[in-house]
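S.K.: Two chains, each in its own frame: build the complex with the hints.
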Amino acid sequence: DAKTTQPPSMDCAEGRAANLPCNHSTISGNEYVYWYRQIHSQGPQYIIHGLKNNETNEMASLIITEDRKSSTLILPHATLRDTAVYYCIVRKGDTDKLIFGTGTRLQVFP
Amino acid sequence: GAVVSQHPSWVICKSGTSVKIECRSLDFQATTMFWYRQFPKQSLMLMATSNEGSKATYEQGVEKDKFLINHASLTLSTLTVTSAHPEDSSFYICSARDSGRAVSGEQYFGPGTRLTVT
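So the sequence lines, in the order shown, correspond to chains H and X.
In this text, residue positions in the first sequence follow the working numbering: the first is 1, and each later residue adds one.
In this text, residue positions in the second sequence follow the working numbering: the first is 1001, and each later residue adds one.
Keep in mind the hints are simulated off the structure, nothing from the lab.
Some hints here could point you the wrong way.
Derived BS3-like pairs: lysine-lysine, alpha-carbon spacing no greater than 30 Å straight-line [unchecked claim]:
1) X/K1041 <-> H/K92
2) H/K92 <-> H/K3
3) H/K69 <-> H/K92
4) X/K1066 <-> X/K1014
5) H/K69 <-> X/K1041
6) H/K97 <-> X/K1041
7) X/K1020 <-> X/K1055
8) X/K1064 <-> H/K97
9) X/K1066 <-> X/K1055
10) X/K1064 <-> H/K92
11) H/K3 <-> X/K1064
12) X/K1041 <-> X/K1064
13) X/K1055 <-> H/K3
14) H/K92 <-> H/K52
15) H/K97 <-> X/K1055
16) H/K3 <-> X/K1041
17) X/K1020 <-> X/K1066
18) X/K1020 <-> X/K1041
19) X/K1014 <-> H/K92
20) H/K52 <-> H/K3
21) H/K69 <-> H/K52
22) X/K1014 <-> X/K1041
23) H/K69 <-> H/K97
24) X/K1064 <-> X/K1014
25) H/K97 <-> H/K52
26) X/K1020 <-> X/K1064
27) H/K97 <-> X/K1066
28) H/K97 <-> X/K1020
Everything numeric in this text was worked out from a predicted model, so none of it was measured.
Chain X extracted, bound-state conformation (with noise of 0.2 Å):
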C-alpha cells in the first residue's frame, strides 16, 4: 500500500528557535499534501493544503507567517515551524492523495512528528 513518512519522529527544540518537518510520499506521487495538528486528547485540526508548486492554503485561524509550508516537488512537503513557542508543542501530522487516483480515493497519513518546545 501507499506510504508517507515523516522525519523527524520527534524533535525537541528551544523557545524561540525553527524547526522544520519533513513529509515524503514514497510511492506515489501527491499534488496536494496537507498538515494537521493534534493536542493531547484531542482530535486532528487542519492546518493547511500544501499544493506543488503554488502557495499553501491556510486554514482560518492558522498563521501562515508561522507556519511556513514548501511543496517543491511531487513527494516531498515540508513544515517549517519558526519562532517556536512552548504552546506549539504539539503532534504534526500530514497525508497526501496519490495524485494519479480518484479524487474520491482515500488519502494517506504519515506517522506524525511530536514536536517539544523547551
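One chain only, chain H, in its complex shape (with noise of 0.2 Å):
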C-alpha cells in the first residue's frame, strides 16, 4: 500500500474549517483514499472515502488534487466533539486490509 504522509498536529478554533492535509505521492490507479478518526480510547470511526473526484457527506469534504498525489479532508465548521486523531490511508480497492499511518492529532479549541 502507498504510504502517506500526514502532519503531527493541528489546531483549530471552534465554528471554523479544519483543512487536513495528506500526501499520498506513491498513489498507484486502483488506490482509494480514506479517512478514519479516532477519538481518544475508542475504535476509529469512519469519515469519508474516494478515488478521484471530489466527496462530500454529513460528516466531511474529501479534495483530491488531479494527479492524486495529495488530498485534503475538510471539516466544514469544527466542533470540540471533533479534537481526535485523524487518520489518511490508501487502500486498493480489491483489498480489504487498512494500514494505518502515523495521523493528525487534531486540536479544536473554544
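M.R.: And the structure:
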C-alpha cells in the first residue's frame, strides 16, 4: 500500500473549517483514499473515502488533487467533539486491509 | 449504521493465563474481520486477518501460536491471547466490512478491548 504523510498535529478554532492535508505521492491508479478518525480510547470511525473525484457527506468533504498525489479532508465547522486523531489511508480497491500511519492530532479549541 | 461490538470492553488477567476477546458484527455479515493492537500514544497496528471458515492470515512479526484467531461464523471472530505477559497489555480493536457491499466500501470498527496483564 502507498505510504501517506500527515502533519503530526494541528489546531483549529471552534466553528472554523479544519483542513487536514495528506500526501500520498506514490498512490497508484486503483488505490482509494480513506479517512478515519479516532477519539481517545475508542475504535476508529469512518469519515469518507474517494478514488478520483471530490466527495462530500454529512461529516466532511474530501478534496483530491488532479494528479491524486495529495488530498485534504475538510471539516466545515469544527466543534470540540471533532478533537481526535485523523488518519489518511490509501488502500487498493480489491483488498480489505487498512494500514494506519501516524495520523494528525487535531485539537479544536473554544 | 453498521455496528461492531467487542466483549469484554476491558479485562485484567494474571501473567500466564489466556484471555479471549470477541468481535461481533451486529447487523451485517462479515466474511473477513481484522484484528489490530494499539499501544499508548501509538497508531493501530494490524495483527491479522480473520477469514470465516478458514485459517487467519497473520502480519509479519505476529506470533500465530500466541494470538489464536477463530472465525466460526459470519458474525463472530475471537482473538485469544495465550500465556499472556505484561508486554501483551494493550488496546485490541477489531474491524469488519459488510460482505454484501463493495470491497472498496468502508470498514466498521469495534469499540476496542483494553487488556491489562499483571
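S.K.: State for each hint whether it applies.
M.R.: We went through each hint and held it up to the structure:
For the hint pairing X/K1041 with H/K92, the CA-to-CA distance comes to about 27 Å; that is within 30 Å, so the pair holds. Pair hint H/K92 plus H/K3 holds up; C-alpha atoms about 12 Å apart against a cutoff of 30 Å. With a C-alpha separation of about 15 Å, the suggested pairing of H/K69 with H/K92 holds against the 30 Å cut-off. Of the pairs offered as hints, the one joining X/K1066 and X/K1014 holds, with about 16 Å between alpha carbons and a cut-off of 30 Å not exceeded.
For the given pair, H/K69 sits about 28 Å from X/K1041 by alpha-carbon distance, which is consistent with the 30 Å threshold. With a C-alpha separation of about 22 Å, the suggested pairing of H/K97 with X/K1041 holds against the 30 Å cut-off. Restraint check for X/K1020 and X/K1055: satisfied, since their Cα atoms lie roughly 17 Å apart, inside the 30 Å limit. For the proposed pair X/K1064 and H/K97, the alpha carbon gap of about 18 Å is at most 30 Å, so the pair holds.
A hinted pair counts as satisfied when its Cα atoms are at most 30 Å apart, and X/K1066 with X/K1055 qualifies at roughly 14 Å. Under the criterion of a C-alpha separation no larger than 30 Å, the hint pairing X/K1064 with H/K92 is consistent with the structure, at around 25 Å. The straight-line distance between the Cα atoms of H/K3 and X/K1064 is roughly 26 Å, inside the 30 Å bound, and the hint therefore holds. Between X/K1041 and X/K1064 the CA atoms are separated by roughly 25 Å; this keeps the pair inside 30 Å, and the hint holds.
A C-alpha spacing of about 28 Å is found between X/K1055 and H/K3, which places the hinted pair at or below 30 Å, so the restraint holds. With a C-alpha separation of about 13 Å, the suggested pair H/K92 and H/K52 falls inside the 30 Å cut-off, and the hint holds. Taken as a hint, the H/K97 and X/K1055 pair is honoured in the structure, with Cα atoms around 16 Å apart against an allowance of 30 Å. Restraint check: the Cα-Cα separation between H/K3 and X/K1041 comes to about 20 Å, which is no more than 30 Å; the hinted pair holds.
As the CA atoms of X/K1020 and X/K1066 are separated by approximately 12 Å, the hinted pair is consistent with the 30 Å bound. For the proposed pair X/K1020 and X/K1041, the alpha carbon gap of about 24 Å is at most 30 Å, so the pair holds. For the proposed pair X/K1014 and H/K92, the alpha carbon gap of about 40 Å is over 30 Å, so the pair is violated. The hinted pair formed by H/K52 and H/K3 meets the criterion: a straight-line CA distance of about 17 Å does not exceed 30 Å.
Note on H/K69 and H/K52: the hinted pairing holds, with a Cα-Cα distance of about 11 Å set against a maximum of 30 Å. For the suggested pair X/K1014 and X/K1041, the alpha carbons sit about 24 Å apart, so the restraint of at most 30 Å is met. A distance of roughly 20 Å separates the Cα atoms of H/K69 and H/K97; the hinted pair therefore holds under the 30 Å criterion. For the proposed pair X/K1064 and X/K1014, the alpha carbon gap of about 21 Å is at most 30 Å, so the pair holds.
A threshold of 30 Å between alpha carbons decides the hint, and for H/K97 with H/K52 the separation of about 20 Å falls inside it, so the pair holds. Taking the CA atoms of X/K1020 and X/K1064, the gap is about 14 Å. The hint holds against a cut of 30 Å. Note on H/K97 and X/K1066: the hinted pairing holds, with a Cα-Cα distance of about 22 Å set against a maximum of 30 Å. Annotation: proposed proximity of H/K97 to X/K1020 holds, straight-line Cα distance about 23 Å (limit 30 Å).
Taken one by one, the earlier hints fail for this structure only at number 19.
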